Amino acid sequence: MKTHKFFAACVTMSFVVLATPAHAALRVLACEPEWGALAQELAGPLVDVSVATTALQDPHQIQARPSLIARARNADLLVCTGAELEVGWLPVLLQQSGIAKIQAGQPAHFAAADFVHKLEVPTQVDRSLGDVHAAGNPHIQTDPRNIALVAHALTARLQQIDGANAAAYAQRATDFQQRWQQALTRWHAKAAPLRGTAVASQHKAFSYLYDWLGVKEVAVLEPKPGVEPSVSHLQQVLASLKVQPARMVLYAAYQDGRPSEWLQKNAGVPAVKLPFTVGGDDASKDLFALFDDTVDRMLAAMGSVK
Amino acid sequence: MRLIASAGWMLALSLPGALAQAQAAPSAAELAALRAEIAALRESYETRLQALDARLRAAEAAAGVRAPASSAQAAAMPSPAGGAPTGTAPAATPAPAVPAPATPTTVAAGQANTFNPAISLILSGTAAHTSQDPATYQITGFALPPDAEAGPGARSFSLGESELRLSANVDPWWRGEASIALEADNSVSIEEAFVQTTALGNGFTAKAGRYLLGVGYLNSQHAHTWDFGDAPLAYQAMLGGQLNDDGVQLVWVAPTELFVELGAEVGRGQNFPGSDSSRNGAGRASLALHVGGDVGASHSWRAGISYLHAKASDQALTQLDTDDNTIDSVFSGRTDLTVLDAVWKWAPDGNATRTNFKLQGEWMRSSRRGTLAYDTAGVNLFGDYSQASSGWYLQAIYQFVPRWRVGARSERLDPGAVTYVGPTLLDADGYHPRKNTLMVDFSASEFSRLRLQYARDQARQGFTDNQWQLQYQMSLGAHGAHGF
Numbered sequence: 004m005k006t007h008k009f010f011a012a013c014v015t016m017s018f019v020v021l022a023t024p025a026h027a028a029l030r031v032l033a034c035e036p037e038w039g040a041l042a043q044e045l046a047g048p049l050v051d052v053s054v055a056t057t058a059l060q061d062p063h064q065i066q067a068r069p070s071l072i073a074r075a076r077n078a079d080l081l082v083c084t085g086a087e088l089e090v091g092w093l094p095v096l097l098q099q100s101g102i103a104k105i106q107a108g109q110p111a112h113f114a115a116a117d118f119v120h121k122l123e124v125p126t127q128v129d130r131s132l133g134d135v136h137a138a139g140n141p142h143i144q145t146d147p148r149n150i151a152l153v154a155h156a157l158t159a160r161l162q163q164i165d166g167a168n169a170a171a172y173a174q175r176a177t178d179f180q181q182r183w184q185q186a187l188t189r190w191h192a193k194a195a196p197l198r199g200t201a202v203a204s205q206h207k208a209f210s211y212l213y214d215w216l217g218v219k220e221v222a223v224l225e226p227k228p229g230v231e232p233s234v235s236h237l238q239q240v241l242a243s244l245k246v247q248p249a250r251m252v253l254y255a256a257y258q259d260g261r262p263s264e265w266l267q268k269n270a271g272v273p274a275v276k277l278p279f280t281v282g283g284d285d286a287s288k289d290l291f292a293l294f295d296d297t298v299d300r301m302l303a304a305m306g307s308v309k
Numbered sequence: 033m034r035l036i037a038s039a040g041w042m043l044a045l046s047l048p049g050a051l052a053q054a055q056a057a058p059s060a061a062e063l064a065a066l067r068a069e070i071a072a073l074r075e076s077y078e079t080r081l082q083a084l085d086a087r088l089r090a091a092e093a094a095a096g097v098r099a100p101a102s103s104a105q106a107a108a109m110p111s112p113a114g115g116a117p118t119g120t121a122p123a124a125t126p127a128p129a130v131p132a133p134a135t136p137t138t139v140a141a142g143q144a145n146t147f148n149p150a151i152s153l154i155l156s157g158t159a160a161h162t163s164q165d166p167a168t169y170q171i172t173g174f175a176l177p178p179d180a181e182a183g184p185g186a187r188s189f190s191l192g193e194s195e196l197r198l199s200a201n202v203d204p205w206w207r208g209e210a211s212i213a214l215e216a217d218n219s220v221s222i223e224e225a226f227v228q229t230t231a232l233g234n235g236f237t238a239k240a241g242r243y244l245l246g247v248g249y250l251n252s253q254h255a256h257t258w259d260f261g262d263a264p265l266a267y268q269a270m271l272g273g274q275l276n277d278d279g280v281q282l283v284w285v286a287p288t289e290l291f292v293e294l295g296a297e298v299g300r301g302q303n304f305p306g307s308d309s310s311r312n313g314a315g316r317a318s319l320a321l322h323v324g325g326d327v328g329a330s331h332s333w334r335a336g337i338s339y340l341h342a343k344a345s346d347q348a349l350t351q352l353d354t355d356d357n358t359i360d361s362v363f364s365g366r367t368d369l370t371v372l373d374a375v376w377k378w379a380p381d382g383n384a385t386r387t388n389f390k391l392q393g394e395w396m397r398s399s400r401r402g403t404l405a406y407d408t409a410g411v412n413l414f415g416d417y418s419q420a421s422s423g424w425y426l427q428a429i430y431q432f433v434p435r436w437r438v439g440a441r442s443e444r445l446d447p448g449a450v451t452y453v454g455p456t457l458l459d460a461d462g463y464h465p466r467k468n469t470l471m472v473d474f475s476a477s478e479f480s481r482l483r484l485q486y487a488r489d490q491a492r493q494g495f496t497d498n499q500w501q502l503q504y505q506m507s508l509g510a511h512g513a514h515g516f
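Residue numbers (the working numbering), protein chains in the order written: chain A, 4 to 309; chain B, 33 to 516.
Simulated from the structure, these hints should not be mistaken for lab results. Treat the numbers as computed from the prediction; the structure is a model and nothing was measured. Cβ coordinates follow ideal geometry from the N, Cα and C atoms, glycine included. Accuracy of the hints is not assured; some may be wrong.
What the hints assert, rightly or not - Listed next, the stretches of chain A that the computed footprint assigns to chain B, with coverage defined by at least 3 CB atoms under 8 Å from CB atoms of chain B:
#1 145-158
#2 184-191
Said to hold, decoys possible - Derived lysine to aspartate or glutamate pairs resembling EDC-like cross-links, with alpha carbons at most 20 Å apart:
#3 A:Lys-276 - B:Asp-381
#4 A:Lys-104 - B:Glu-289
#5 A:Lys-207 - A:Glu-264
#6 A:Lys-245 - A:Glu-225
#7 A:Lys-227 - A:Glu-264
#8 A:Lys-227 - B:Glu-478
#9 A:Lys-104 - B:Asp-203
#10 A:Lys-193 - B:Asp-346
#11 A:Lys-288 - B:Asp-381
#12 A:Lys-207 - B:Glu-478
#13 A:Lys-121 - B:Asp-85
#14 A:Lys-121 - A:Glu-264
#15 A:Lys-288 - A:Glu-44
#16 A:Lys-104 - A:Asp-165
#17 B:Lys-390 - A:Asp-61
#18 B:Lys-390 - B:Glu-478
#19 A:Lys-193 - B:Glu-69
#20 A:Lys-193 - B:Glu-62
#21 A:Lys-207 - A:Glu-225
#22 A:Lys-121 - B:Glu-78
So here's chain A without its partners, still in its complex pose:
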């Protein structure tokens, strides 16, 4: 049912794109939905935003599909996470698109992770450690304070590339930052009960979220980043949770929730599916709703809401 809805949405979207008459709007290709949503907030009608991946796809594991090459070919600005998140597919898009301006190092190649302080930067990298990123944890979008930082940098980049609309971008940025600051205050007050809570995660996808909320990660289900948890490893996690209990176990919408559900069944720890990015569930329609929903779901698991 959900698949059908999603399919229908995609078909509708492609018709909308096809029906849109050609105009001078800046064509933005966002690697992940959060940056597509941010570009939409910051530039509105001044841009045509296309998003390369959905919230139900693992951003580490995307194929360099022909449709993505075609979209890279037509892009005026690329907005990606960077920090090696897209290392398995973006280089192919850049190489095959034949477009000079979006190559790495050019102004039209925007890497959001360059503008935030990264967590978990490894001192040692080796593939035996699993899917580690030398540049640090790339899932920066789970902290709304990072969104504010990236918004500043992205506005500057939009102004640089599309100088004629610089004033409009500045105005939209002011408006967005004001609304975002209000939202931050609201989320902060609302999420106060979460501060200091111990949680388990399926993948190390939420380090920035925990940093923001003051949540403590006491266990990770994946034995190593990107490695599926085995039953024997889950048993170990279960044993460790007996010593240091967690209030909930979190996983992202694109992940297979079975390891988390196993833990819910065997340890009585509620499994919480977080949207992870815009479009991760029905409620997370934009960046504001994404964090509303994230905080709501965690609070619901704490049993402190309704």
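Using the hints, position chain B against chain A.
Leaving out everything else, chain B in the frame of chain A:
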């Protein structure tokens, strides 16, 4: 920076403090409200400090200087460089400074190896069991050069090709890449070594050097990314396994919603179906058109048509007769090859991590015309020769649980009718070489793969070869990005 930080903290702490003093006996609820207010202020200031810090870094990057981190003035000043009219921003908001193009923040400066190319090494090995001796392998109706990659390879344990790959940007306009194959017999061959443009723009990319030709679907992919351990029979019989050549390539991607890619190549034509000669001009030319797109989030596809023209002069070919005697021939003339290829991939919601499915097929037709000296050591016929052969394969790969995949491939060749002065082994008399293959593979990570493959190979008339292969293929070093 520190100045602003301390000012911010003082403000954050003193404001609620003053409020608290103004009230005589605060209730528990009021205390909680105050605590929330402090927390909110702290939050707000943290965010604003981070934003200022980001602007400082952006401004520094734009100005090309690294100011001391405590310089609060640098943060407050908009960048003079950049050119965007930031001054037009409303005064109420901080006008964002224009940052310079993104620069990686984690480069270890000053090290001699900072500019080293990305290096990766593919390691592979096979344990094989075949019911027929690989030395007697033959595709009935096709004569191939002595060094063509046909057949299942060696029996027993053998080291596969170890492929060393290096790539890096040369300068702002070029990148370079080399794939060096270290063969199990201790020989070294250059599989690819080319330079490629990065800044032509308008969808154009040019390449020069030795490279895998962009005809068909599998040919341009490195063999270690193939889903089966060997090339399809059609590739073995009509392209000599996998075709690389020295030359130049120009590819253009159209500015359309639908993926449309046109490629043109010319080159030396030294490898089968061409052959080397002392001519000045190009011995090989090819054209390829590929189109592709998505259907919804779950389906994607690509289809194409390619044409290759190659010249051969005094091309040595061998075949085996029914008593396993070698028949040597020499061909001079032209080969025109047409390839149709299509691939369709499915993954639920486009998330291929758990399950996915891939269906791919290619059809080839090869027309050879010229002169042939047949069985030069025996009957020694000579005359005009023409042959039009065709062949196809169709394969399906299904990942049914994470890390495990199964696959099946079916293929068939038609050597076609031969026009020649006398009877030859090139005339297959209506026999159609065929082969069916099954495989299962396991990938502990995206860098390692173990594969078990069984093939029932009836390429040679009158012989059925049951081929078992157990393979490993692993890559270490730089994370390679693979094409569709």
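Self-check item: Violated hints, by number in ascending order, as checked against the structure
Solution: Those not satisfied are hints 10, 14.
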